[in-house]
Amino acid sequence: MKSSVIIFPGSNCDRDIAVALEKLQFKNTMVWHKDTELPKSDLIVLPGGFSYGDYLRSGAIAAKSKILDEVIRAANSGCLVLGICNGFQILIETGLIKGALLRNKNLKFINKDVYLKVNNSNFFCNKYQKDQIIQLNIAHNEGNYFTSEKHLEEIKEKNLIAFQYCDEKGLVNDDNNPNGSLYNIAGILSSKKNILGMMPHPERMINNMISNEDGINIFSSILNR
623 MKSSVIIFPG SNCDRDIAVA LEKLQFKNTM VWHKDTELPK SDLIVLPGGF
673 SYGDYLRSGA IAAKSKILDE VIRAANSGCL VLGICNGFQI LIETGLIKGA
723 LLRNKNLKFI NKDVYLKVNN SNFFCNKYQK DQIIQLNIAH NEGNYFTSEK
773 HLEEIKEKNL IAFQYCDEKG LVNDDNNPNG SLYNIAGILS SKKNILGMMP
823 HPERMINNMI SNEDGINIFS SILNR
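Residue 623 is where the sequence shown starts when you use the working numbering, and the numbers rise one by one after that.
Please keep in mind that the hints were generated in silico from the structure rather than gathered at the bench.
Beta carbons are placed, not taken as given, at the ideal position from N, Cα and C, and that holds for glycine.
Check the hints yourself; a few may be wrong.
Here are the computed distance ranges between Cβ atoms for each label pair [claimed, not checked]:
{"no.": "1", "residue 1": "LYS815", "residue 2": "LYS730", "range": "26 to 34 angstroms"}
{"no.": "2", "residue 1": "LYS752", "residue 2": "ASP797", "range": "19 to 27 angstroms"}
{"no.": "3", "residue 1": "GLU835", "residue 2": "ARG637", "range": "13 to 21 angstroms"}
{"no.": "4", "residue 1": "ASN733", "residue 2": "SER813", "range": "30 to 38 angstroms"}
{"no.": "5", "residue 1": "ASP789", "residue 2": "LYS730", "range": "17 to 25 angstroms"}
{"no.": "6", "residue 1": "THR651", "residue 2": "HIS773", "range": "31 to 39 angstroms"}
{"no.": "7", "residue 1": "LEU793", "residue 2": "MET652", "range": "36 to 44 angstroms"}
{"no.": "8", "residue 1": "ASN748", "residue 2": "GLY632", "range": "29 to 37 angstroms"}
{"no.": "9", "residue 1": "GLY632", "residue 2": "LEU729", "range": "15 to 23 angstroms"}
{"no.": "10", "residue 1": "LEU845", "residue 2": "ASP735", "range": "20 to 28 angstroms"}
{"no.": "11", "residue 1": "ARG847", "residue 2": "LEU729", "range": "36 to 44 angstroms"}
Okay, derived cross-link-like pairs now, DSS-like style, lysine-lysine, Cα gap no bigger than 30 angstroms in a straight line [as the list claims (entries may be wrong)]:
{"no.": "12", "residue 1": "LYS749", "residue 2": "LYS720"}
{"no.": "13", "residue 1": "LYS752", "residue 2": "LYS815"}
{"no.": "14", "residue 1": "LYS688", "residue 2": "LYS814"}
{"no.": "15", "residue 1": "LYS686", "residue 2": "LYS814"}
{"no.": "16", "residue 1": "LYS815", "residue 2": "LYS727"}
{"no.": "17", "residue 1": "LYS752", "residue 2": "LYS734"}
{"no.": "18", "residue 1": "LYS791", "residue 2": "LYS734"}
{"no.": "19", "residue 1": "LYS656", "residue 2": "LYS624"}
{"no.": "20", "residue 1": "LYS778", "residue 2": "LYS734"}
Assemble the whole structure, with the sequences as input and the hints as a guide.
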């Protein structure tokens, strides 16, 4: 399977995601944001980091990069797109994912491991069990997902919530919400379910020697679709 990782000025997780993809034997290409052609890809990844220093809004300038026209075209044609952390913010800015990512509720940068409940079994999650509890790392300043009441009801009804913040037993409530995200949302799918935006970093959890392997099934699920 072929993948492409888009690199922006300020990306700092692009190499991490490349390592994760190559571990799963994806044939990966690194694509610079000023490129105007996208290699034929089964998966496109927008990595974490601080594209353009998070000026204006996180992801706002990156969303206007030349290569994003091709990413949007590929996404609308059904290509799988994964946006992680800053990549999620870029997906929001392009409109590929609806909603907004606001400042964390405590107005501080958060970097810690959190528990997540897996709510979905689509392309990105089919190697997990539904309601499985996993642990991934978060590192962000603007991860507080918000949307309208109407859209929230829509994403619940269509099963578009991929992950929710929870505790080690799977309890989902305000006490287990690190950033104030609406409905404890940590990851959300597009209406066609081929695009996933998530704040936690699965690429950081692929090796038991340095963390755990809870993130690896994101990538094996894509191979298994």
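Here's how the hints hold up against the structure:
Taken as a hint, the range 26 to 34 angstroms holds for the pair LYS815 and LYS730, whose Cβ atoms sit roughly 33 angstroms apart. The supplied range of 19 to 27 angstroms is met by LYS752 and ASP797, whose beta-carbon atoms lie about 23 angstroms from each other. GLU835 and ARG637 have their C-beta atoms about 19 angstroms apart, which keeps the hinted 13 to 21 angstroms range intact. A beta carbon spacing of about 31 angstroms between ASN733 and SER813 agrees with the range 30 to 38 angstroms that was offered as a hint.
The supplied range of 17 to 25 angstroms is met by ASP789 and LYS730, whose beta-carbon atoms lie about 21 angstroms from each other. Between THR651 and HIS773 the beta carbons are some 34 angstroms apart, a value that agrees with the proposed interval 31 to 39 angstroms. About 40 angstroms separates the C-beta atoms of LEU793 and MET652, a value consistent with the hinted range of 36 to 44 angstroms. Between ASN748 and GLY632 the beta carbon distance is about 32 angstroms. The supplied range of 29 to 37 angstroms therefore holds.
At roughly 21 angstroms, the beta-carbon separation of GLY632 and LEU729 lies within the given 15 to 23 angstroms, and the hint holds. Taken as a hint, the range 20 to 28 angstroms holds for the pair LEU845 and ASP735, whose Cβ atoms sit roughly 25 angstroms apart. Checked against the hint of 36 to 44 angstroms, the C-beta distance between ARG847 and LEU729 comes to roughly 39 angstroms, which is consistent with it. Restraint check: the Cα-Cα separation between LYS749 and LYS720 comes to about 26 angstroms, which is no more than 30 angstroms; the hinted pair holds.
Under the criterion of a C-alpha separation no larger than 30 angstroms, the hint pairing LYS752 with LYS815 is consistent with the structure, at around 16 angstroms. Taking the CA atoms of LYS688 and LYS814, the gap is near 24 angstroms; set against the 30 angstroms cutoff, the hint holds. Restraint check for LYS686 and LYS814: satisfied, since their Cα atoms lie roughly 23 angstroms apart, inside the 30 angstroms limit. Between LYS815 and LYS727 the alpha-carbon distance is near 28 angstroms, which keeps this suggested pair within the 30 angstroms criterion.
Among the hinted pairs, LYS752 with LYS734 is consistent with the structure: their alpha-carbon atoms are about 24 angstroms apart, no more than 30 angstroms. The straight-line distance between the Cα atoms of LYS791 and LYS734 is roughly 18 angstroms, inside the 30 angstroms bound, and the hint therefore holds. Restraint check for LYS656 and LYS624: satisfied, since their Cα atoms lie roughly 20 angstroms apart, inside the 30 angstroms limit. Annotation: proposed proximity of LYS778 to LYS734 holds, straight-line Cα distance about 27 angstroms (limit 30 angstroms).
The structure is consistent with each of the numbered hints, conforming to all of them.
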